[in-house]
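Here the protein sequences line up with chains A and B, keeping their order. For the record, in the first sequence the residue sitting at position 17 is 17 according to our numbering, with numbers rising by one throughout. Start counting at 1 in the second sequence, then tack on 442, and there's your number in our numbering.
Hint data in this document are derived by calculation from the structure and do not stem from the laboratory. This one's a predicted model, so the numbers in the text were calculated from it and none came from an experiment. Be aware that one or more of the hints could be misleading.
To be verified - The calculated lysine-lysine pairs, modelled on DSBU-like cross-linking and capped at a C-alpha distance of 30 angstroms, are:
1. B:K610 <-> A:K271
2. B:K610 <-> A:K100
3. A:K168 <-> B:K823
4. B:K494 <-> B:K559
Number of protein chains: 2
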Amino acid sequence: MFQVGCLCACYLAKRGHEVEVYEYRDDIRKSEFVRGRTINLSLSARGIQALKAVGLGDKLVSSHGIPMKGRLIHNLDGSRHAIPYDPRHDQVCTYSVSRKYLNEFLLNATEKDFNVKLHFNHKLINANLQEGCMTFQLMVTNETVMRSADLIVGADGAFSTVRRHFMKSPMFNFSQTYIEHGYVELCMPPGEDGEFVMEPNYLHIWPRGTFMMIAMPNQDRSWTITLFMPLTQFQVLDCPTRLLKFFKQQFLDSVPLIGKRRLVTDFFATKPSTLLSIKCNPYHLSSRTVIIGDAAHAMVPFYGQGMNAGFEDCRLLDQLLHRYEDIAVVLKEFSAIRNTDAEAICDLAMYNYLEMRDLVNRRSFLLRRKVDNLLFRLLPKIWIPLYTSVAFTTVGYRQCMDNKCWQDKVIRWTLLALGVLGTALCAAGIYHWHRMTLTEKF
Amino acid sequence: MFQVGCLCACYLAKRGHEVEVYEYRDDIRKSEFVRGRTINLSLSARGIQALKAVGLGDKLVSSHGIPMKGRLIHNLDGSRHAIPYDPRHDQVCTYSVSRKYLNEFLLNATEKDFNVKLHFNHKLINANLQEGCMTFQLMVTNETVMRSADLIVGADGAFSTVRRHFMKSPMFNFSQTYIEHGYVELCMPPGEDGEFVMEPNYLHIWPRGTFMMIAMPNQDRSWTITLFMPLTQFQVLDCPTRLLKFFKQQFLDSVPLIGKRRLVTDFFATKPSTLLSIKCNPYHLSSRTVIIGDAAHAMVPFYGQGMNAGFEDCRLLDQLLHRYEDIAVVLKEFSAIRNTDAEAICDLAMYNYLEMRDLVNRRSFLLRRKVDNLLFRLLPKIWIPLYTSVAFTTVGYRQCMDNKCWQDKVIRWTLLALGVLGTALCAAGIYHWHRMTLTEKF
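All chains should be built: construct the whole structure from the sequences, respecting the hints.
Here is the structure:
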């Protein structure tokens, strides 16, 4: 993963280490947009905090982040309603950031601000991770080069080559799970006035139960639209007629804004992409290698936490390097602490798909949200709603999940207690009446 | 996996196909016992049925299987009790078979009875599974050879090389999970009279809650003892004194039978082996490749079903080849049908460790077993206890699991109904008494 690898290089360079980055792909600053990857990323508290620690947070957010202060729901009947992340504070928001800009920004910072040497077009073809040795093939000349390092950080994404070397080491647990749903990206251009055609400071959602569409704002005033749906349902939309009929039924308001021709062209330009979740444990191999970011914990994109979790990995690793002298202890602690949280956010991301595409429009969900907001206002340190704690705090992901569990329990028991109290009062009334009647009878 | 690959070759050859077997290792018929693999295997109904279909079942069982008609529990206080698999029928049993003999038997049958060509010392180094192409390296000469086939069957065990080629194909789900426990194998020799030193026709178990020891009989009248324990606990037993103290505390009756010197030598001869469970889905790639046996579903050994499930794969594949003309349909159906059952037995195997090492000695378990046996006797077609259905029938593993679930429910509801009835009778009594008292009062 470009972003996480760069940030980690900055952290290590800042600590005074000699760092080199090896990348399989070409320098993205010189190449065009790569198809098949999402166009924008969501940056929230954890990511920003990790960037700030190396002096990159404010610059990035202020110059290139578009704030999103809540969800804006598009209902089937054409009505809309906003669900702010925090009704009291407008500044509580996540940021939509262009992937291309973010990559360029981080590559420049790594290379220029932190004097890290970047090697592009280097494909890792072999490694002895215990010894810290790697063999790369240069994609241009086909030449092979060998490199060794005291510490190898594998930040090479969901299909990590570094991680593949972990697979046969004893006690390495691993799982990759594809979900039944895939996605297609579309573009909604700016209006004729060059401005956004929808309210810009929101994540727009068209929740439709078994599928959903979302929109995130771009710097150029366009929107990146993503349609998430079961792959089988994509197969049904096999011609422009069926596609347009489907869009008119489900997302009527979006059709004129995207434009019919563009909708058809974009939709059929690529096959739907798949979505997968990767968990593994431990994240280190001997005291020479560690994997971070998507290489360690790839997740479905529904919490917008993939990159943020990766950035948080860098911060944790830095904290542990600061705390312990022995690299073996650092890596062991990193695996132990991070795995619990990373697996929690993988699960939360899976859950959030259900919330976004279905629950978000249910009365029980909206009522619970009101209760959460009220309690959050009354007990701001104790009752932090799940989304708030994940996106706007740096509380461990596992702790966020546990908090939600006890909050659910408190609500369940309160309702039960109220129910029992009501029944008891009722029973007492009947008993009293019964005694009165009996006394009258005899 | 030697056994499953051979049996599948027999099945395919019997159908009239030209079959070749490529094996990484040397011909086991020419080599000595390979350390690190368990010495004996458990053969039960599914395995026997699959062997019988190619005419190999009876010969193997009658000549080289040692029947085990139940569990024999060794308690901490030195007492013992037997738990027969089926108290009514002595012939309901599983068979302990020597791995070496089984391999030789199957290799001979494959080569001589079914005229299959066997290639040893061939390491799969590359493959294009969509095209049915494979490249092997000959381990002796280092020469490489290319082979192509209409159908590639990967029966190459838990660390399958064939399966590694599935990993990057979209929608391939995979998980490997190591448990915290490992094992060490020991040997209990025959007595001075050359006979078994314990009752031969049982699986002996020393259940100790968080760990356990088991013993399986061998043809030469010795016993293969396996100690399963958390790996951290193995680390504590780091010298002969600690080991002997531990054995005297936990498995006192076994110490003189194994012999102190042999116990110490065997225990410290190898590091504890790890145990893992592998699940994946689908089992086929395009219409050219399928994985079976441990390559598709490796499980922890506690149900003794690993090989039996692999043999059952061969039988199912054969049935599907008989049913459908189109190989694409055969493989798709194989994945769909087999995955459900294979994942069920992986989970059941994990559960059975708990039963063997802990539950087996609890009163609630023994009582439940009595209830199960009684109901099985009364309703032999309806109420089949879990162990019976897994080991002594060919009912789908998933169905076995589902049966256990509804049996649990029936028992739970019956107990609840009895409880409610009791309470109601009690309440009626109190009410009656209360009315009497009231009537007397007024």
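Checking against the hints above, which ones are violated? 3
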